[in-house]
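Asker: Same order as they appear, the protein sequences are chains L and U.
Take the first sequence: its letters are residues 1100 to 1349, numbered as in my numbering.
Take the second sequence: its letters are residues 11 to 494, numbered as in my numbering.
Any given hint might turn out to be false.
[As the list claims (entries may be wrong)] Think about it this way: if two alpha-carbon atoms lie no more than 25 Å apart in a straight line, the pair counts; the simulated DSS-like pairs of lysine-lysine are:
1) 316/U <-> 287/U
2) 1264/L <-> 1187/L
3) 77/U <-> 57/U
4) 450/U <-> 1173/L
5) 1260/L <-> 77/U
6) 316/U <-> 68/U
7) 216/U <-> 1260/L
8) 77/U <-> 201/U
9) 1187/L <-> 124/U
10) 428/U <-> 494/U
11) 450/U <-> 216/U
12) 1264/L <-> 1173/L
[Claimed, not checked] Footprint (simulated), chain L over chain U, 3 or more residues, beta carbon under 8 Å:
13) 53-65
14) 147-158
15) 302-316
16) 344-356
I should point out that these hints are in silico values taken from the structure, not numbers from a laboratory.
Note that the coordinates shown come from a computational prediction; the quantities given were computed from them, not determined experimentally.
No residue lacks a Cβ here, since even glycine has one placed at the ideal position from N, Cα and C.
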Amino acid sequence: MQTPVFIFFSALLLGMTQGTVKNGMSRVEGGRYVPMYGAGKNEMVTVASFEMDRLPVTNADFMAFVKQFPRWKKSAAPRLFADAGYLKNWTEDLSFPPSLSEAPVTNVSWFAAKAYCECQDKRLPTTHEWEFAAMAGYQHRDERRDSLFSARILAAYETPKTYLKPVGQSRPNYWGLYNLNELVWEWTSDFGSVMMSGENRNADARDLFCGAGSLNATDLMNYAAFMRYAFRSSIQARFTINNLGFRCAR
Amino acid sequence: MKATILNAMWLAMALSVLYGCRQKSDDGEENISARAVRMKVESQPVKAELTSPPLVPKPVGNRPPQKLIVDMEIIEEEGELADGVRYVFWTFGGTVPGSFIRGRVGDEVEFTLKNHPDNKLPHNIDLHAVTGQGGGAEASFVAPGHQKTFKFKLINPGLFVYHCATAPVGMHIGNGMYGLILVEPAGGLPKVDREYYVMQGDFYTKGKHGEPGLQPFDMQKAYDEHADYVLFNGKVGALTGDNRLTANTGETVRLFVGNGGPNLVSSFHVIGEIFDKVYIEGGSAVNRNVQTTLIPAGGAAIVEFKVEVPSNLILVDHALFRTFNKGALGILEVSGEKNHLVFEGEVLEGIYQPEGATIQSTPVSEAGAEPAKPLTKPEKMQLGQRIYNTACFACHQPNGEGLGEAFPPLAKSDYLNKDAARAINTVLRGLSGEITVNGKKYNSQMPAQVLNDQEVAGVLTFIYNNWGNNGTEVTEEQVRAQRK
């Protein structure tokens, strides 16, 4: 579905201010972990060290990008690469309600997100990288077994209209990353590589759902991951969604 | 199971073709669905009427099969589980249970599922009325801000549940994603005077039952099957007070009753009524003269009865702690003329003396007129306690704390302490309708108590001098004054 068609803009660094600690990137030390899906059953995945944006990309950030690359304007982006809802909360090509300035940019397609990152010499994180970074709680690299950690994530997933809130207002995780599970879903470079079928109760050949029928109490942590993987399975690269934004990695 | 039946059905059809003769099957249902597959539909598509509970769309009557367009929107929204208790529901059509869909055997349905742009999650729908992959689950899997259209033919008559089947499935159902689709047989169900839509569901909240504020879903409780709320139509009080169902004496009532679960099986019962007919499990078998019918999670039943006498019929899950403590209570108010042949009410109260002394009896209408010598306050308290512990405690509870949404507290009760005359009146004449006690609304019924003046004075004095109340001593004169 998504052979990266794209367009390698010259590696321009955008003039993002590095004024506060919250901006910029954090280093995530590599390691091994068992993701919920995308590997064999209980198979460890190795993630190399990488850097990740501390904050989701905001509307203000994206505006700077659009100014520099007008082909990604609301009115200009080809429908092939962004569906009709592209930047639909923006009032015009170069304006949006002021309250959205520091809120995460949403209604951007995978193509647009990818282009944004590449234009800054970055890239979208892989699903394994994203999940690896997001299993960190406030104190530790992996807090998935902590019921409070899971409950916090589930509660955030259930809270409506979080895409309207400004980024960086809550506590960062172990790596110094903000809002990973709080405001919006985030694109990953290979979001389509692990597909749940729309039928979420089959134990299919790829072993994606074998766990679904046999969850036990210690697997409660998986419910949050269930929801992320289900979400990723429901989208396509040109989709634009109110609750879907992104951040970049390097 | 269904696949097996279908396979058997196809096999049977194939065989009958092979052998070139048509034999009448023992199983009428197989013929119905086999015939339904071949049914032609009217060329003009018709938009299906969808209704919010407790209402249902118009019956199909005698119309032929048609193309039915169903448009359903999924909305994640904050609502109320109970007064003051907020909850984020995930809904089909903005209500719990979701919109009621009504069609007939042979209809070709074009179903469009729309996932509202503000929603956070992907969803889908599995309609138990659909024969095919996942009841439509895979075909309808849709991201927020998008929509999917899929088609199917209704080939089995009955009352069916639909629900979301996106992972984690239990959570999607636990948040309210279920509803009913009725497939009427050719010619429709027999005509009745009233039809209503009632669906039970269990809910799991972080705070315990009644804890106010926005309550998040509690995955651990759902896993443990420890429900905080068991509800009809998604809210405590969805079918009581101003929301009660109504009917008139002499009318026939049909309830389409579903159970979304996700966990609990319902022992559906209507207090004060007997089901003349139950379409067992929503299928074609009809049982008659039923008191309580079992409705499995992910299942349904159609119950029918004629209401003969005026009263408030109480809809309950007869696993009664769910009714009195967790919210599963609804009211069907029947108005009209009394029918003494069917129900006479209390006709006589007597003193039962097993050792054979003369049985003294007092006609109810004169129960209050009996004179008695005045009692001291301690005597009143003693008499009052005895009466309380026989006549009052079952509803108001041994320490006057009240019970659930149905019975208001007598302990530290502002309603009680404000007006002794009103309290006397309540005991003498009963009370129905909405009242507010300690800031909480109640809307149920208390029957008139058959007590003499001394007993009324006693029980009220007992109540007023316990549990933090204001210590009023009620006299027989006050009671007598209220009788007039």
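Asker: None of the hints should be skipped; say for each whether it holds.
Answerer: Status of each hint after checking the structure:
For the proposed pair residue 316/U and residue 287/U, the alpha carbon gap of about 10 Å is at most 25 Å, so the pair holds. As the CA atoms of residue 1264/L and residue 1187/L are separated by approximately 17 Å, the hinted pair is consistent with the 25 Å bound. At roughly 8 Å between alpha-carbon atoms, residue 77/U and residue 57/U fall within 25 Å of each other, so this suggested pair holds. For the given pair, residue 450/U sits about 52 Å from residue 1173/L by alpha-carbon distance, which is inconsistent with the 25 Å threshold.
Proposed proximity of residue 1260/L and residue 77/U is contradicted: the alpha carbons are some 37 Å apart, above 25 Å. For the proposed pair residue 316/U and residue 68/U, the alpha carbon gap of about 20 Å is at most 25 Å, so the pair holds. Distance check on the hinted pair: residue 216/U and residue 1260/L sit about 21 Å apart at the alpha-carbon level, within 25 Å; holds. Restraint check for residue 77/U and residue 201/U: satisfied, since their Cα atoms lie roughly 24 Å apart, inside the 25 Å limit.
Only pairs whose Cα atoms come within 25 Å are accepted, and residue 1187/L paired with residue 124/U is accepted, the gap being roughly 18 Å. With a CA separation close to 21 Å, the supplied pair residue 428/U and residue 494/U stays within the 25 Å bound. Our distance criterion of 25 Å between C-alpha atoms is met by residue 450/U and residue 216/U, whose separation comes to about 22 Å. At most 25 Å may separate the alpha-carbon atoms for a hinted pair to count; residue 1264/L and residue 1173/L meet this at roughly 22 Å.
Only residues whose beta carbon comes within less than 8 Å of a beta carbon in chain L count, and the region 53-65 of chain U has 0; fewer than three means the coverage is violated. Against chain L, the region 147-158 of chain U contributes 10 residues with a C-beta closer than 8 Å to a partner C-beta. That satisfies the three-residue criterion, and the hint holds. Coverage of the region 302-316 of chain U by chain L is violated [criterion: at least 3 residues with CB-CB distance below 8 Å; count 0]. Requiring three or more residues with a Cβ within less than 8 Å of a Cβ of chain L, the coverage given for the region 344-356 of chain U is violated, as only 0 such residues are present.
Consistency note: the structure conflicts with the earlier hints numbered 4, 5, 13, 15, 16.
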